[in-house]
Amino acid sequence: MSLSVWESEHQAETQHKEYHEEHVSYSLYILIWAALMALTAATAVIAGINLAALTLVVALLIALTKASLVVNYFMHVRFEDRIFKIFFAIAGFTIFVIFVLTFSDVYFRR
Amino acid sequence: MNQKSGDRTLSEIAETNPGAVSGEHESEHVHHKDVVGAKMGMWLFLLTELLLFTGLFLVYAVYRYYYTKDFQLAGYDTHILFGTVNTMILITSSLTMVLSIAAIQRGKKWLCVTFLSSTIGLALAFLVVKYVEWSTEIHAGIYPGSPTLLNKPDGVVLFYGLYYMMTGLHALHVIAGMSILVVMLIFVLRDKITQEDHTKLENAGLYWHLVDIIWIFLFPLFYLIN
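Chains as they are written, first to last, in our numbering: chain G, 1 to 110; chain H, 1 to 226.
Read the hints as simulated data drawn from the structure, not as lab findings. Positions of the beta carbon are idealized from the N, C-alpha and C atoms, including for glycine. A portion of the hints provided could be inaccurate.
As the list claims (entries may be wrong) - Going by beta-carbon spacing under 10 Å, a handful of chain H positions derived as facing chain G:
id, residue
1, 39
2, 57
3, 88
4, 94
5, 200
6, 202
Start from the sequences and build out the full structure, keeping to the hints where you can.
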């Protein structure tokens with residue numbers, strides 16, 4: 001077998017591997033969509049029930065769950081290299097710090 | 001690019017890129033890095049978008065803390081039906097977006113075109129609902145600086161200021177995302193986006209999902225208060 005034939009076969013193989021590694025089945029996407037729709041319905045129904053102070057907490061927890069489903073599956077972060085997760089963690093931590101620092105000021109001002 | 005070298009002779013490859021012949025891993029790595037690099041750039045941009053909205057969410061949080069009663073009063077008047085329908089439209093558009101990428105990855109161009117067109121259609125539907133919603137409120141005299149609104153307590157004025165600002169900025173992102181998706185649709189139709197090279201479509205998809213995520217947080221904060 002000549003070198004060039006070997007090379008093109010090798011290329012086909014790596015391409016095949018590369019493009020098929022990222023594949024997530026259609027049905028998994030549809031499942032995630034169903035979960036997102038169910039959570040949307042749930043959060044709208046829960047809003048009608050008076051949970052007093054818990055209302056906001058519950059609504060935000062549902063929103064966070066939905067966002068993490070979108071980020072992990074639709075945006076593929078779950079299947080990406082570790083560096084993408086580090087990006088995300090740093091951004092999330094920065095936002096958390098901004099909120100904590102702001103509220104540590106706001107809370108003690110009033 | 002790896003796939004372009006397929007129709008060149010080995011000596012040509014050796015001349016332009018010695019690593020491709022001596023060690024296949026290097027050329028493979030170059031190809032791999034390209035795709036990852038493009039995605040990384042997109043993610044960094046998306047995180048700056050996230051911080052842009054974080055600023056507004058922060059303002060919302062502080063004013064909601066100061067004017068809890070007024071925010072509840074004002075939130076009672078937003079239309080939960082419009083909000084819920086729009087949430088479902090955006091979530092479904094996110095599904096058709098990932099399905100269009102899944103289709104092109106499997107080499108199904110027309111399936112990709114169908115899903116991508118559906119995504120654009122749903123984006124348009126979102127904007128139509130938004131238009132109807134805003135029109136209803138503006139007809140009721142609720143818009144920034146309106147006499148009706150200025151007669152209400154400070155917290156209500158702030159709530160609607162933030163409501164128009166944040167959903168308005170989000171709507172601009174929907175328009176931007178939709179325009180990008182139209183360009184992507186043209187690329188797919190002209191075979192500029194193919195099974196072998198669909199990074200552009202994936203990055204456009206990432207942008208679209210970010211728009212969805214921001215709405216996921218806007219929805220409970222403006223529509224689910226009572």
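> Taking 10 Å as the limit, does the beta-carbon of residue 200 of chain H come near enough to a beta-carbon in chain G?
Replying inline: The hint is violated - residue 200 of chain H has no Cβ within 10 Å of chain G, the shortest such distance being about 15 Å.
> Should the hint that residue 94 of chain H touches chain G count as held when the rule is a Cβ pair under 10 Å?
Replying inline: holds (5 Å)
>> The hint names residue 57 of chain H as touching chain G; please verify it with the least Cβ-Cβ distance against 10 Å.
In response: holds (8 Å)
> Measuring from the C-beta of residue 39 of chain H to each C-beta in chain G, is the shortest one below 10 Å?
Replying inline: holds (8 Å)
> Would the stated hint for residue 88 of chain H survive a check requiring a Cβ distance to chain G of less than 10 Å?
Replying inline: Residue 88 of chain H check passes; min Cβ-Cβ to chain G is 6 Å, inside 10 Å.
>> The hint names residue 202 of chain H as touching chain G; please verify it with the least Cβ-Cβ distance against 10 Å.
In response: holds (8 Å)
Checked against the numbered hints above, the structure violates only hint 5.
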